[in-house]
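Put chains D and C on the given structure of chain B with help from the hints.
Residue numbers (this note's numbering), protein chains in the order written: chain B, 1 to 188; chain D, 1001 to 1424; chain C, 2001 to 2198.
It is worth saying that the hints were derived from the structure and are not from the lab. Quick caveat: nothing in here was measured; it's all calculated off a predicted structure. All C-beta atoms in this analysis are idealised placements derived from N, C-alpha and C, irrespective of residue type, glycine included. Any given hint could turn out to be false.
[To be verified] Derived BS3-like pairs (lysine-lysine); straight-line CA-CA distance at most 30 Å: (1) Lys1125/D - Lys2146/C; (2) Lys1174/D - Lys1090/D; (3) Lys2146/C - Lys1153/D; (4) Lys2170/C - Lys1125/D; (5) Lys177/B - Lys1174/D; (6) Lys1174/D - Lys188/B; (7) Lys89/B - Lys1280/D; (8) Lys1371/D - Lys177/B; (9) Lys1238/D - Lys98/B; (10) Lys1090/D - Lys89/B; (11) Lys1280/D - Lys1204/D; (12) Lys89/B - Lys1174/D; (13) Lys1238/D - Lys177/B; (14) Lys1208/D - Lys2146/C.
[Unchecked claim] Derived, one-sided and incomplete: chain D residues facing chain C with beta-carbon distance under 10 Å: (15) Lys1003; (16) Asp1025; (17) Ser1064; (18) Ala1093; (19) Arg1129; (20) Lys1238; (21) Leu1355; (22) Gly1401.
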Amino acid sequence: MMKLSKGIILLVVTSMVFFSAGCAKRGVTSVEEVTPPAAQPTQEELTMPEAEMPEVEEEVAVEPMLTTPSFEEEMATFEQNMIFFEFDKFSLNPESRKTLAEQASFLNSNPEVKLRIEGHCDERGTLEYNLALGERRAKSAQDYLVFLGINPDRISIISYGEERPFDPNHTEDAWTKNRRAQFDILGK
Amino acid sequence: MKKKVWLLLLLCIFSTSPALAARLDIHIQARGFTKLKVAMPYFTGPADLTSGIWTMCAKDLAVSGVFEVLNPQSYINPGPVSTIAQGTLKDWALIGADYIITGNVSRLSDMVTLDIQIIEVASAKFIDRKTYSTSAQTIHTAVHAFMDTFLDKSLGLNEMFSSKIIAVRQQNGKKQIGSFWCDGVGWQEVKGLGDLVLNPAWSKDTKKVAFVSYWRDNPDLYLLDLTTNKVELLSGRKGINSTPAFHPSGSMIACTLSINGNPEIYFLDLKSKNIQQITKSWATDTSPSFSPDGKYMAFCSDRCGTPQIYLMDLKDRKVQRLTFQGRYNTEPTFSPRGDMVAFSNSTNGIYQIALIRTDGSQMTVLPGTGKGDESPTFSPDGRLIAFASSDGNIYVTDLVGSKPVRITNGNGVYSEPSWSLITK
Amino acid sequence: MYEVYEVSIVSNVPSAAVSAAPNKGTGRPVKKFVRNEGAQYKKKLGTVTKEKVVKEKPPEISSAEIESKIEDIEKAESTQWQPPVAKGSGSTPQTAGTASQEAVWVAHVKEIVYDRWKYPPGITLDASLKVTFFLRISRNGNLLEKNLILSSRNTPFDRSVMIALNSINKIPPPPIGLVAGRNELEINMTFSPPRGVE
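So that you can see chain B by itself, here it is in the shape it has in the complex (with noise of 0.2 Å):
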């Protein structure tokens, strides 16, 4: 059942990993296949009437979503990804573990991955206190992704209290983005 579930997650995911980046690579995609045989006539052929283009993309589109771009973006992503958590509280709200269950997609799909989960406070509250509780949101994160089926060996945690905050300024706002844990791949 859990095996059943989370499959349609990969595969939804990865369908929308598939579309998203066959929507980014039409144009970098159109333009490499069509430097490559002709390089002077490139720039005419590029102003060309744009109706015929997406016709030549689509049958040569299909490979180069399997390619290494596609996973340098996919890096990106999950690296951009982070969660969000209230005042003096490490749990999860149902927002960070849909965006966890997506981390967990994107490391099920690269079992080579490892990551290091950063877990981090608003300026509020005090130093040691805060040192603990940055630890503790890491390690939620943490187990949420090993609930989700990553094996725990790829995954370690390091809490930066609030040392490093993500919005420097001292507002309720900077201080909600601030209250974050963020994924750090090792070895890149």
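What follows is chains D and C alone, placed relative to chain B:
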């Protein structure tokens, strides 16, 4: 006849005030707190030296928590003068001075001499006259020696100006540890510990400092031996290794480790580096602090839902909750007198230093700077508390809520002060 | 009846604020600090003008007036820091009860001591401290002897009291009732810190 005389006597005795029968008893209860006032006309001597020395004396008097320096502008003669002429004592009494300090500074090549006199106005007597000699680079030692003498001769207070405060200074995105004298003079930073150094703590003999550094890209615990300048790794376990606190015996530190799943307090033997788990709860347990006799440990835990201060009897490991007011009480530190714990309290989002007795009674919140105060640490005799404010400065205050005195000068953002015992 | 003298120490800086405050429409006479030729400073209760200082015989003051002057001193005492909760102390002139001479004199002596005793903040939070001094007063009000007889075990606390007592050489002569039959009065004066801190 004799009977009549006796009767008369008895009548006299009983018809007059009852107080006559015994000594009159009068009880005086102070109406409030008042600092003693010190008049200190500007010192005589070379202009480039006297101003700095006078200012250091004035700052130390303020830091002491019991004296207030009267502004020289209110004196009949603000100086520079090096002595008080006989008969002019009344002028000083008129402005309310309890003590008069006069000084003369002289320089001979690399040596500086400070001649200081203290007069107690009440008894109209000189209570001290001394000459302090020091090299030009260490003038502060003369000033500190004088101030400690003044504390002793006036109110019989313990010396304090030879104690140091260790703290964290942030500059250019990096945090380093360093120390200065408790009046903020002479900041000396320790280099080479990494870019993110936190949680400094003195040993009782002030020969060692424990701290946290991200040198190995993880919050790890280290020990710096000040006599050899050598650093050793105490604990580099997975997760956090933080909040070191020396046991008074000097052989062990308490710290926070999260290797067993969540932050708990452990004892770490300094020789063997062996660890022993002390708290066992699903909650966060951190920030340990030992009582001066080493029998109790105060710490912070959110086992009841919010961070509060707890006290553990180390004999039987029984834990008693101390704080019940406020939803956020953290960073406890034991007074050297052993009778109370200072900590950081947050009420309505405002952080202030608070005190509580070890039996949980008399919780007092100090008004402080009003900007957000945390990381309290007691002076060696427990009279005063130093703390960090969110304005990046370190302040010293007394236990009854007088206005705190700033000891840092704004060249960097300071935090996490830890006050040593007297360094000899 | 008798004059009140305070020699050599004045605890407050005479400023516009201090002397103006009691004047605010209370209609009560103002406490003033006056300096005369002999370089001796005398503080007198009641309305004082230059002529009155030179006069040898002060005007007669009734004990009721003395009580109201004592209230003035308390109200004008604006420089002392007080903790938020502890306000004043148990012994105010009002509790002197009847206007008997002894009670009024005791209240007056207490005022003088309150005025002189500065108990600094950063010493201790222990409100249970007590130090007792033995004082011997001549019938003229001269302080003949003062001795610490029971220490509070807190040196700075004891010293703060000693400093205050060092500045007192003379107090108003005690009423006849207190010294009748002897030439001096013995007092046990006990000092304690302000009541409560929180």
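Structure-based check of each hint:
1. Lys1125/D - Lys2146/C: holds, 17 Å
2. Lys1174/D - Lys1090/D: violated, 55 Å
3. Lys2146/C - Lys1153/D: It holds: about 20 Å lies between the C-alpha atoms, which stays within 30 Å.
4. Lys2170/C - Lys1125/D: holds, 18 Å
5. Lys177/B - Lys1174/D: holds, 22 Å
6. Lys1174/D - Lys188/B: Holds, at roughly 25 Å.
7. Lys89/B - Lys1280/D: holds, 20 Å
8. Lys1371/D - Lys177/B: Holds. Lys1371/D to Lys177/B sits at ~23 Å (cutoff 30 Å).
9. Lys1238/D - Lys98/B: It holds: about 27 Å lies between the C-alpha atoms, which stays within 30 Å.
10. Lys1090/D - Lys89/B: violated, 64 Å
11. Lys1280/D - Lys1204/D: holds, 27 Å
12. Lys89/B - Lys1174/D: holds, 27 Å
13. Lys1238/D - Lys177/B: Satisfied, since the Cα-Cα distance of roughly 26 Å is no more than 30 Å.
14. Lys1208/D - Lys2146/C: violated, 49 Å
15. Lys1003: violated, 20 Å
16. Asp1025: holds, 5 Å
17. Ser1064: Hint on Ser1064/D: holds, closest Cβ of chain C at ~7 Å, below 10 Å.
18. Ala1093: holds, 5 Å
19. Arg1129: With a minimum Cβ separation of about 19 Å from chain C (threshold 10 Å), the hint on Arg1129/D is violated.
20. Lys1238: At about 43 Å, which exceeds the 10 Å cut-off, the nearest Cβ of chain C leaves the hint on Lys1238/D violated.
21. Leu1355: holds, 8 Å
22. Gly1401: Nearest chain C Cβ about 7 Å off; hint holds.
Checked against the numbered hints above, the structure violates hints 2, 10, 14, 15, 19 and 20; every other hint is satisfied.
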